[in-house]
Structures are given as C-alpha cells and as structure tokens.
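Chains as they are written, first to last, in my numbering: chain A, 4 to 109; chain B, 770 to 1040.
Don't take each hint at face value.
As the list claims (entries may be wrong) - Some chain A residues near chain B, calculated using beta-carbon distances under 7 Å: (1) Ala15; (2) Arg19; (3) Met28; (4) Ser33; (5) Thr37.
Said to hold, decoys possible - Chain A is nowhere near these chain B residues, computed Cβ spacing over 10 Å in every case: (6) His864; (7) Arg959; (8) Arg1003; (9) Val1008.
The set of hints was computed from the structure by calculation and includes no laboratory data.
Computed from a prediction, not measured in an experiment: that's the story for all the values here.
Even glycine gets a Cβ: it sits at the ideal position worked out from N, Cα and C.
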Amino acid sequence: MKNARYVARSAAIASRALGEETMVMSAASSTLFTLDEIATLLWQSADGVTPLDEIVRDKICARFDISPDVALRDAEDFVEQLAAHGILLISDQPIASPVLASGEPR
Amino acid sequence: MTASPGRARVSDVVVEIGGLPIQLRCGDPAFVQQIGERYAGYVTSSSKPSFHFDIELAPRGALSGDEDVRVTWDSGRWLMQRGDFRAEWYPAAAHGTIHQTINPFSLDSVLRIVHTLLLAGKGGFLLHASSAIRNGRAFLFSGVSGAGKTTMARLAPPDAALLTDEISYVTRQGSGYFAVGTPFYGELARAGENLRAPIEALYLLAKGPENKIEPLAGAEAVRGLLGNILFFARDPEFVRMVFDAAMDFTGRVPVRRLTFVPTASVWELLV
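Use the sequences and the hints to build the structure in full.
This is the structure in structure tokens:
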C-alpha cells in the first residue's frame, strides 16, 4: 500500500475561478494554466491536510463516472506536473502552510 | 528646466505620462534637451513631480547591450537592469538613479518598466497594443510583433486620434478602464497624442482572408490579454496584481478577435 500524499496550493500563485474552470498563474514564471472542471475540484481541495487519494475518492469519483484507480493515476500525474511548475506542493506529510517562494511586503 | 543643487549644475525635465509626472535630472544639458525632444507632447512645467530620477551617463562602451532585462525587488527598492542600463528606484523615498548609455531609448525602457510597476498597484497595465480614439471611445489592437498593431494604426481614419502604435497605457478609473496616449512608439516612429478615453473594446489581432470579429470570453479572453501584457518583474506580488487586473479587465471590457485584411475598410467594422 502506498503512503498517503498530501497536496497544497503554493502561495506563490494567483488564481481565479471562471465558471467551472480555474485560471492559475505562476508568480515565479508568469506561466498561465487553465484547469478544467475535474482539475479545478482537485485544486480547490488541495488544502495540505486531506490525502490525495481521499480527495480523488470523495470529490472526483463521487461526482464523475471514473474508476478510482484511473482517477488516482491521473491525479498523481496532474499534481506532479503542477508541482514541477511550483504552483502545487506535494509531501508525504500534511503541509501546514504553503510558503511564499519570494517577495516581501512593500 | 535647470537647477543648481550644490556644486554641479543639473538640468532637468518633467515627463508626464498617464498623469504621472516624473522629473528626470542629468548633469549633461544636451542629453536633457534630447529627452525633452524625445518626449515632446509629454513634457510639462506645471505639474509637481511625483518622484525623480538622477541620470548618470556611462562612457561609450562601458555598458554592453546584450543582456536581457531583469527587474527585482530588494530591500525597499526596485532594481532594473539590462545591458545598456542599470537603475534603482526607491518608491517610498520617491527617487531613483539611472546609469545608462547616452541612447535615449535606454531611458525609454526604464520608463516603461517604472510605469508597469506603478500601474500594477492601481489595477492598470501596459499592453503590447496600438490604440486610437474615435468618437470619444478608445480602441485597442493587441498582438505579438507582426500581428498588425502598426498596420491598424496606419489604417486609422483621419478623425481618429492615435494614442500609440506599440505600447498602450491602460488605467483603471472607478468601474471602467481608460486608454491613455504614450510617447512609446514602434515602427511608426512617432509619439501618440497625449489624450485619454474610455476603452470601447480590446481586439486581439489576426491576419486573414476577410474581415471578421468574434467575441472572446472567459479563459480565452484572459489568456489573450495576459499574453500581451508587459511583464518585467517576476515578483509574486506584482504578478498577482497584474493577474487580478487582467481578470477584472476582461470582466468589464469586451475582448474580441479581429481577423482582418490590411485595408482601411477594417475600421468600418469597428464603429
């Protein structure tokens, strides 16, 4: 059995929901991502304390006709892609609070 | 246009773009005169400067023109750097310095960066777009290099006032957005008229076999806009402000794709 993985939205991003989609911009690279409805559910649930498999089971599989195995595999690919761009954090432990990549009040 | 603070005689000129007067001071009166000529139409003697920059001219060959622009926030100041200039700006103290070559276009780049930073805090931005006022309303034509920004400016009817053929200045006022004239030009090589008007629409340009306008909404409109906003600072707070401004703008101003044949008839579609 795999260890639980936790995901949290980075603080170094800007995001806004647009209908059922979400637009996310990396503050570090200014890269813009458009998340579809399922990705948006995952994004909104990435609170750092709910395990990824639980998010997939309760938020995605409960709403969409998709097998848990396939959904979890897709979700893992997705979070790793976003993590590679620094807009999502992944950990084997709960993530207390996202950390700003850079910047300070001015 | 001159002052004598202490030992050296310093000339100055105040350039006001978007309602923001910036005093530029330099020990070389010929360069200050060059600045005055470059920004003709935007030089003011009546406005109190919001802040000032001291310009230090580097000897020829002292700076290299190859380095890409970098803008960073560090210890209460913005650092702006490219091969042909190094500038720092202390917003809280309302002053900065520019170390640059004698080329006035180095100063042009610094001013563009300063205005992007200032506008972001007020919900505005600079956009790769030509813009013009017709019948009291501003029209913006945005796209990458070669998309047709200057072409749309050239094709504008005689009763249109050109604000810029290259970099549009977008400000937020109340619940609306205004386009403001700028001295920042592209191929047309002439400054825009120093005017302002509420924005009627933003057109994202594409060349095609016929003139056609398609409305854009949601993510498509935001992507099209953000892809053309001038981004210099890779700074989280700055990026958030620009992102929020783009989201707000697309919620208030119509964004359309304009496919066009480069003839004057394209303007008949717009108004």
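Hints, one by one, checked against the model:
Proximity of Ala15 (chain A) to chain B holds as hinted, the smallest CB-CB distance being about 5 Å (cut-off 7 Å). Among the interface hints, the one on Arg19 (chain A) holds; its C-beta lies about 5 Å from the nearest C-beta in chain B, closer than the 7 Å criterion. Look at Met28 (chain A): its Cβ gets to within about 5 Å of chain B, closer than 7 Å, so that hint holds up. The closest approach between the C-beta of Ser33 (chain A) and any C-beta of chain B is roughly 5 Å, which is under the 7 Å cut-off, so the hint is satisfied.
Checking Thr37 (chain A) against chain B: minimum C-beta separation of about 5 Å stays under 7 Å; hint holds. No Cβ of chain A approaches the Cβ of His864 (chain B) within 10 Å, the least distance being about 16 Å, so the stated non-interface status holds. Its beta-carbon lying about 31 Å from the closest one in chain A, Arg959 (chain B) satisfies the requirement of being farther than 10 Å from that chain. A beta-carbon of chain A comes within 10 Å of the beta-carbon of Arg1003 (chain B); the shortest separation is about 6 Å.
Under the 10 Å C-beta cut-off, the non-interface status given to Val1008 (chain B) relative to chain A is violated; the minimum distance is some 4 Å.
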